[in-house]
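**Q** Protein chains in written order, with numbering that gives the first Met the number 0: chain A, 0 to 451; chain B, 0 to 388.
Among the hints, a few may not be true.
[Claimed, not checked] Per the computed footprint, the stretches of chain A lying under chain B, defined by three or more beta-carbons under 8 Å from a beta-carbon of chain B, are:
1) 29-37
2) 89-95
3) 368-381
[Claimed, not checked] Here are a few chain B residues that face chain A, going by a calculated C-beta distance under 7 Å:
4) Thr159
5) Leu163
6) Pro167
7) Gly193
8) Leu197
9) Ala222
10) Glu224
11) Glu247
12) Leu251
13) Gly345
14) Ser346
15) Val349
[To be verified] Derived list of chain B stretches under chain A, where covered just means 3 residues or more per stretch with a C-beta under 8 Å from a C-beta of chain A:
16) 227-234
17) 382-388
Honestly, the hints are just simulated from the structure, not real lab data. C-beta: ideal position from N, C-alpha, C; glycine also.
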Amino acid sequence: MALNSVRAILLEPNDDVAAVLEAVPAGGPIRVTHAASGKTVLDVAARQEIPFGHKVAVRDLARDNPIRRYGWPIGIATAEIRRGEHVHSHNMRSALSPAPRQQSTQITLRPAQWVRDLVQGCVEAAGASTQRASAMADAIAEAHLRGVETHGLRRLSPYVARLRAGGVDGNAHAQVSAMRALLHVDGRNGIGHHVAGVAARAASEAAREFGIGIALVRNSNHFGFAGYYATLIAAAGQIGIVSSNGQVCVAPEGAKRPVLSNNPLAIAAPLPEPDAFLELDLATSATSRANVVEAARLRMPLPSGWAQDASGKPTGDPAAALAGSLLAFGGNRGFGLLVALEALTGVLSGGVFADQVSSKEAAPNFPENTAHTFIAIDLERALGRDAYAQRLDQLVRKLKELPMHSGTPDIRYPGERRWRLRRERLRDGIPLSHADFEAATRLAKELGVAIP
Amino acid sequence: MTPVWTENLAGYARSNGRKGIRNLVAVLAAADNVNPLARQLAARVPGVVCLPASYGRGQMGRDFEVTLRAMGGLAAHPNVAECLVVSFEPESSERVAARAHKLGRSVHTLSFLECGGLNECLERGSHLLRQLSSQACDAKRVPLKPDDLVVGLECGGSDTTSGLFGNPALGAFTDEFIDVGGTAVFSEPVECLGGEELLRKRAASEEVAERLIATVHEYDDLAREHGVDLAGTNPTPDNMAGGLTSIEEKSLGALAKTGSRRIMGVLDYAQPSPARGIWMMDAPAAAVENVTALAAGGAQLVCFVTGTGNPTGHPVSPTVKITANPGTMQRMAEHIDVDLTAMLGGSMNVLQGAQAIAARLAAVINGEATAAERLQYLETNISRLGPSV
Numbered sequence: 000m001a002l003n004s005v006r007a008i009l010l011e012p013n014d015d016v017a018a019v020l021e022a023v024p025a026g027g028p029i030r031v032t033h034a035a036s037g038k039t040v041l042d043v044a045a046r047q048e049i050p051f052g053h054k055v056a057v058r059d060l061a062r063d064n065p066i067r068r069y070g071w072p073i074g075i076a077t078a079e080i081r082r083g084e085h086v087h088s089h090n091m092r093s094a095l096s097p098a099p100r101q102q103s104t105q106i107t108l109r110p111a112q113w114v115r116d117l118v119q120g121c122v123e124a125a126g127a128s129t130q131r132a133s134a135m136a137d138a139i140a141e142a143h144l145r146g147v148e149t150h151g152l153r154r155l156s157p158y159v160a161r162l163r164a165g166g167v168d169g170n171a172h173a174q175v176s177a178m179r180a181l182l183h184v185d186g187r188n189g190i191g192h193h194v195a196g197v198a199a200r201a202a203s204e205a206a207r208e209f210g211i212g213i214a215l216v217r218n219s220n221h222f223g224f225a226g227y228y229a230t231l232i233a234a235a236g237q238i239g240i241v242s243s244n245g246q247v248c249v250a251p252e253g254a255k256r257p258v259l260s261n262n263p264l265a266i267a268a269p270l271p272e273p274d275a276f277l278e279l280d281l282a283t284s285a286t287s288r289a290n291v292v293e294a295a296r297l298r299m300p301l302p303s304g305w306a307q308d309a310s311g312k313p314t315g316d317p318a319a320a321l322a323g324s325l326l327a328f329g330g331n332r333g334f335g336l337l338v339a340l341e342a343l344t345g346v347l348s349g350g351v352f353a354d355q356v357s358s359k360e361a362a363p364n365f366p367e368n369t370a371h372t373f374i375a376i377d378l379e380r381a382l383g384r385d386a387y388a389q390r391l392d393q394l395v396r397k398l399k400e401l402p403m404h405s406g407t408p409d410i411r412y413p414g415e416r417r418w419r420l421r422r423e424r425l426r427d428g429i430p431l432s433h434a435d436f437e438a439a440t441r442l443a444k445e446l447g448v449a450i451p
Numbered sequence: 000m001t002p003v004w005t006e007n008l009a010g011y012a013r014s015n016g017r018k019g020i021r022n023l024v025a026v027l028a029a030a031d032n033v034n035p036l037a038r039q040l041a042a043r044v045p046g047v048v049c050l051p052a053s054y055g056r057g058q059m060g061r062d063f064e065v066t067l068r069a070m071g072g073l074a075a076h077p078n079v080a081e082c083l084v085v086s087f088e089p090e091s092s093e094r095v096a097a098r099a100h101k102l103g104r105s106v107h108t109l110s111f112l113e114c115g116g117l118n119e120c121l122e123r124g125s126h127l128l129r130q131l132s133s134q135a136c137d138a139k140r141v142p143l144k145p146d147d148l149v150v151g152l153e154c155g156g157s158d159t160t161s162g163l164f165g166n167p168a169l170g171a172f173t174d175e176f177i178d179v180g181g182t183a184v185f186s187e188p189v190e191c192l193g194g195e196e197l198l199r200k201r202a203a204s205e206e207v208a209e210r211l212i213a214t215v216h217e218y219d220d221l222a223r224e225h226g227v228d229l230a231g232t233n234p235t236p237d238n239m240a241g242g243l244t245s246i247e248e249k250s251l252g253a254l255a256k257t258g259s260r261r262i263m264g265v266l267d268y269a270q271p272s273p274a275r276g277i278w279m280m281d282a283p284a285a286a287v288e289n290v291t292a293l294a295a296g297g298a299q300l301v302c303f304v305t306g307t308g309n310p311t312g313h314p315v316s317p318t319v320k321i322t323a324n325p326g327t328m329q330r331m332a333e334h335i336d337v338d339l340t341a342m343l344g345g346s347m348n349v350l351q352g353a354q355a356i357a358a359r360l361a362a363v364i365n366g367e368a369t370a371a372e373r374l375q376y377l378e379t380n381i382s383r384l385g386p387s388v
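Take the sequences, apply the hints, and build the full model.
**A** Structure (structure tokens):
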């Protein structure tokens, strides 16, 4: 037996597993030797095929017990393991990785005012003026109220880093120059939320006067979620249409590098109830980069159509996707929409477009030069605000009253979930994930900001 | 009992009481704006080592402090007999000279503002470097004991053979080296995530345990802030295919190179170790940066275990490459100093592996060139820890 045996190395005498130095077929003999002395400790038969370098159990191991290697626990048995069995992810797990995941499901409830005050304090501490900090605080609190956590507190730390590194000017004065209904806004590298707020209000005022107002913004920064500005305009009895460019991440099929951002398109309009809006807000990539990072963490393959690698080939591997590009949603149609949106934002504003927009992560001290477009259509001029809201409500009811196949969820109109969440969260408080809560309070402490 | 390899070691005595294993003359740029001067000076005088800067201007806070400390550490390194620090304005090179002075070494400085243009700088600088080269020849060769040595421990391009053979063999060597009075420094705290229990048990005190674990977790937090979950993405799919199941297992494999002795404490980036024994340095894991941090902290040489191969060596601290991977030994033999592939076949055990490392180190200490020195595959780069303005 010993002659044909595959050798396996036991690193420490009390280890539960040894590593085989050649692939062993099921039933194949294994001779376990101790690393330091070279002495044979045990002869055992492999219960399954075991690949080169993988672990074999040198004794029976009970479920939920620690498994030792290098003299220390390397994880926990998730099943009964018998001597000679292959030990790997099918019957062992890390004792660590579940812990942070459990933490991440812990929820802390805070009122919207808490989020607003914390952001206000941190952004002012990073050197921004009260008014500009307040624009960001409102937008971030709204993101949490509407369940758009991707544009909530998790963005605060990078925003603050850019302010402190001088990549964003916390006191810049956005400059608006009007030619009747058409406005040019130079953000002068100010806080994106502030610049966008100025531009959205200017477009809205122009629409009040002329029936339509269009603000073309250049030299701005990341402004949060586009739906927020579209509904700012809609709340004034208008239709709001918003787009923006941003950090480059999307490529057409087959391209070896990304060339555009996932430019969002937001369209908002008022409904008869005062706290409900139609709010379409979609990014034009098939998925967000955050989802790909999450898939990499969970080692989950990506669905097809999400991403391609750095050689321009479709990939399901999240790591390859992160080094490559995201794809537009809906194939070539989505990509076409994205190109058209860039033609209406970066190109039309006279500012920077496509892959000339700076990366938020790579260059915190460098202006992003983001461009946005805001369009406001005044409903009083069009067909009367109330008449429009009633007609839009009829459209919604047509959707809701459709006969449905049993077991399918109710039809939702765009924005329905966001504004339902907003009503609930104004009443009950905002549920903050452990990660968001920890990161935000840690940042506040670092900046010496009193936590509200 | 002193092991055989420590007999007949010799080094160069320095004015601050430390001993070098090389007798280098170096020209160090205090900022990136004088790299061309440093390079041209090094090219003019045979044997002079060039230490260019990546930044050096507009840096702030801990980032600037670490840059100065590392530059001072390299200028005052025991392997460096004489160092010329160059800069544009005299203040910059004097700042580095002051750091070297704090470490008990005096260095020479030269700046554009004192000299004039490039040609005058080259004229005066190369004249000075020629003088320094001949002065360096006067350095006294003295016997060297393990307690004169600080050895850096590093692994990179790790694979199954690193965790099974390379790192345990280096760990066995490290234990023996610490027991005879040596000092060792390991780093790459990010690669200790999941090894907290081992760090806690090996820490010299409760306080040291807290520092070690806090340092490891800082890197985890930093990664999280940038959207990377280390515990969630490790082991990588490659690691999994190689048989690693958990991040604990991966980290224990990396920590195996540090042996089993008590860990004395945590050193900041490029900080010299204040006492003997084994220390952890707080520095990023990428090979060039990490070896630079270990060298700037005063390590006279670095032991570097690799699985799939890594050519990097530091120009000031000879970097000894160790592998047990037969494929790497075939493909990249010219880059490898210690061949442990016999461990895979079973004809060499861990202790014999440690002896092979020790024998090679003794030769390198006494002047034999490492693979990286022979190939001149040498690079230095101080980590960037923050933005500049």
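**Q** Does each hint fit the structure? Answer for all of them.
**A** Now for the hints, and whether the structure bears them out:
Look at the region 29-37 of chain A against chain B: 5 of its residues bring a Cβ nearer than 8 Å to a Cβ of that chain, three or more, so the hint holds. Residues of the region 89-95 of chain A lying with their CB closer than 8 Å to a CB of chain B number 5, which satisfies the three-residue condition for coverage. Only residues whose C-beta sits within less than 8 Å of a C-beta in chain B count toward coverage, and the region 368-381 of chain A has 0 of them, not enough to reach three; the restraint is violated. Hint on Thr159(B) holds. Least Cβ distance to chain A is approximately 4 Å, under the 7 Å limit.
Interface restraint check: Leu163(B) against chain A, minimum CB-CB distance 6 Å, threshold 7 Å, status holds. A distance limit of 7 Å between C-beta atoms decides the matter here; for Pro167(B) the minimum to chain A is near 6 Å, and the interface restraint holds. Against a cut-off of 7 Å between C-beta atoms, the interface hint on Gly193(B) holds, since the closest Cβ of chain A lies about 5 Å away. For the restraint placing Leu197(B) at the interface with chain A, the shortest Cβ-Cβ distance is roughly 5 Å, inside the 7 Å limit, so the hint holds.
A distance limit of 7 Å between C-beta atoms decides the matter here; for Ala222(B) the minimum to chain A is near 11 Å, and the interface restraint is violated. Taking 7 Å as the C-beta contact cut-off toward chain A, the hint placing Glu224(B) at the interface holds, the least distance being around 6 Å. Interface hint status for Glu247(B): upheld, as the beta-carbon distance to the closest one in chain A is roughly 5 Å, under 7 Å. Restraint check, Leu251(B) versus chain A: the minimum CB separation of about 4 Å is within 7 Å; hint holds.
A cut of 7 Å between beta carbons decides the hint on Gly345(B): the least distance to chain A is about 6 Å, and the hint holds. Checking Ser346(B) against chain A by beta carbon gives a least distance of about 9 Å; that is not within 7 Å, so the hint is violated. About 5 Å separates the beta-carbon of Val349(B) from the nearest beta-carbon of chain A, less than 7 Å, and the hint is met. Proximity of the region 227-234 of chain B to chain A, defined as three or more residues with a beta carbon under 8 Å from a beta carbon of that chain, is established by the 5 residues found.
Residues of the region 382-388 of chain B lying with their CB closer than 8 Å to a CB of chain A number 3, which satisfies the three-residue condition for coverage.
The structure fails to meet hints 3, 9 and 14 from the earlier list, while all remaining hints are met.
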